[in-house]
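> Going by my numbering, the residue at position 267 of the sequence shown is 268; the numbering climbs one at a time, nothing skipped.
Everything labelled a hint here was simulated from the structure, so no lab data went into it.
A hint or two may mislead.
[Unchecked claim] Per label pair, the in silico range of CB-to-CB distance:
id, residue 1, residue 2, range
1, LYS205, PRO113, 40 to 50 Å
2, ALA168, ARG282, 12 to 22 Å
3, LYS280, VAL115, 24 to 34 Å
4, ASP243, GLY203, 28 to 38 Å
[To be verified] With a straight-line Cα cutoff of 20 Å, these simulated EDC-like cross-link-like pairs (lysine to aspartate or glutamate) come out:
id, residue 1, residue 2
5, LYS263, ASP243
6, LYS274, GLU156
7, LYS220, ASP267
8, LYS246, ASP235
9, LYS214, ASP185
10, LYS274, ASP258
11, LYS125, GLU165
12, LYS194, GLU133
13, LYS274, ASP185
14, LYS157, ASP185
15, LYS221, ASP267
16, LYS214, GLU156
17, LYS263, GLU178
18, LYS214, GLU178
19, LYS125, ASP185
20, LYS122, GLU133
21, LYS204, GLU133
22, LYS221, GLU191
23, LYS138, ASP167
24, LYS155, ASP235
25, LYS138, GLU156
26, LYS214, GLU191
27, LYS271, ASP235
28, LYS280, ASP185
29, LYS130, GLU165
30, LYS255, GLU156
31, LYS155, GLU178
32, LYS194, GLU156
33, LYS128, GLU165
34, LYS259, GLU133
35, LYS155, ASP258
The beta carbon of each residue, even a glycine, is placed where N, CA and C say it ideally should be.
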Amino acid sequence: MIDDKLFGTLVALVGGGIFLHTALSKYGYDKALHELKVSFIFLFSIAVLIMGVIFIAKKIPKKEPEIIVQRKPKKRLPKITPIPEPEEETVKSLEQMEPEDSYERPVATARPVVRVSTDVKCYKFRKLKKEEVSYLKRYGYRIRSYFNPLKGKKEKFVFKNRNEGDAHFLTIYMIAEYLGKNVDNLRTFETVKPDLTFEIAGKKIALEVETGKVLRHNKKNLINKVNLLNSNYDSWSFVVLDRNKVAKYRKYGKVIDKRYLKNQLDKFLKTAKIVHSKKQR
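Based on the provided sequences and hints, a complete structural model is requested.
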């Protein structure tokens with residue numbers, strides 16, 4: 002296709018030729034005019050021919066290039082197997098299940114160390130950890146505050162008592178703790194034997210803690226206990242917890258009033274200390 006610029010140029014040439022022909026005729030240049038006429042007629046013929054070609058070219062419809070589209074083969078979809086509907090019971094169980102985020106996941110924590118044993122029947126509460134108290138309570142231990150005559154104040158205990166009253170049991174524990182390793186062969190019993198025994202300078206000493214219950218309800222057992230103490234121990238005493246019963250127990254043996262228990266135990270410890278110092282010389 003010839004663009005519009007070329008067409009404009011041809012028109013300009015034809016117009017210029019007409020203008021020049023007019024000018025030469027006016028000034029009488031016949032010869033030159035004749036030559037120019039021939040030239041312009043030739044040029045004009047070519048221009049007309051070109052214009053005709055352009056006109057015909059515009060009228061002829063152009064053949065669009067054939068566009069070949071290559072189609073990709075269709076992919077076959079996989080065969081879809083229908084999912085069977087769940088049974089009614091399964092649907093109900095799924096509906097009743099809690100969502101995963103509806104509960105807290107357990108957090109892994111270090112297991113607390115428990116340094117107590119159920120073989121020991123009594124502990125001081127202040128010396129135990131919270132986890133240890135909980136552990137002992139699972140095994141039947143109880144917590145109770147009781148006045149300690151050896152320290153002059155109340156203390157809290159964690160203990161397991163089977164056959165005795167709490168006051169009787171805790172008094173034996175406090176005496177044993179007070180004497181500790183300062184005496185020899187310290188032992189406690191829950192049978193017909195004395196409540197607490199120990200040795201100083203090879204002599205066997207026994208203490209029998211009394212609340213007044215045996216004297217009131219079973220005097221025969223009390224007499225049998227006195228005979229056993231006289232036969233097997235070098236020295237023994239009743240430790241009476243009820244001061245109103247002190248005079249009655251004196252009829253059967255030596256009595257230590259709970260109010261003066263610390264003084265008597267200190268005498269035992271003083272004697273034991275003297276004996277130990279002599280052994281070290």
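> Decide, hint by hint, whether the structure agrees.
Here's how the hints hold up against the structure:
1. LYS205 - PRO113: 40 to 50 Å: Since LYS205 and PRO113 have Cβ atoms about 43 Å apart, the given range 40 to 50 Å holds.
2. ALA168 - ARG282: 12 to 22 Å: 42 Å, violated
3. LYS280 - VAL115: 24 to 34 Å: 39 Å, violated
4. ASP243 - GLY203: 28 to 38 Å: 34 Å, holds
5. LYS263 - ASP243: 16 Å, holds
6. LYS274 - GLU156: At roughly 28 Å apart (the allowed maximum being 20 Å), GLU156 and LYS274 break the hint.
7. LYS220 - ASP267: 31 Å, violated
8. LYS246 - ASP235: 25 Å, violated
9. LYS214 - ASP185: 30 Å, violated
10. LYS274 - ASP258: Status violated; Cα separation ~24 Å.
11. LYS125 - GLU165: 19 Å, holds
12. LYS194 - GLU133: 32 Å, violated
13. LYS274 - ASP185: The given pair, whose Cα atoms are some 11 Å apart, holds under the 20 Å limit.
14. LYS157 - ASP185: 28 Å, violated
15. LYS221 - ASP267: 32 Å, violated
16. LYS214 - GLU156: Judged against 20 Å, a Cα distance of about 24 Å means the pair is violated.
17. LYS263 - GLU178: Status holds; Cα separation ~12 Å.
18. LYS214 - GLU178: Measuring from Cα to Cα gives roughly 25 Å; hence the hint is violated.
19. LYS125 - ASP185: 23 Å, violated
20. LYS122 - GLU133: Holds - the C-alpha atoms of GLU133 and LYS122 are around 14 Å apart, at most 20 Å.
21. LYS204 - GLU133: 39 Å, violated
22. LYS221 - GLU191: Given that 20 Å is the threshold and the Cα spacing comes to 18 Å, the pair holds.
23. LYS138 - ASP167: 16 Å, holds
24. LYS155 - ASP235: 33 Å, violated
25. LYS138 - GLU156: 18 Å, holds
26. LYS214 - GLU191: 16 Å, holds
27. LYS271 - ASP235: Holds, because 18 Å separates the two Cα atoms, which is no more than 20 Å.
28. LYS280 - ASP185: 13 Å, holds
29. LYS130 - GLU165: 27 Å, violated
30. LYS255 - GLU156: Answer violated: LYS255 to GLU156 is near 28 Å, above 20 Å.
31. LYS155 - GLU178: 15 Å, holds
32. LYS194 - GLU156: Since the Cα atoms of LYS194 and GLU156 sit roughly 28 Å apart, the hinted pair is violated (cutoff 20 Å).
33. LYS128 - GLU165: 24 Å, violated
34. LYS259 - GLU133: 31 Å, violated
35. LYS155 - ASP258: Status holds; Cα separation ~18 Å.
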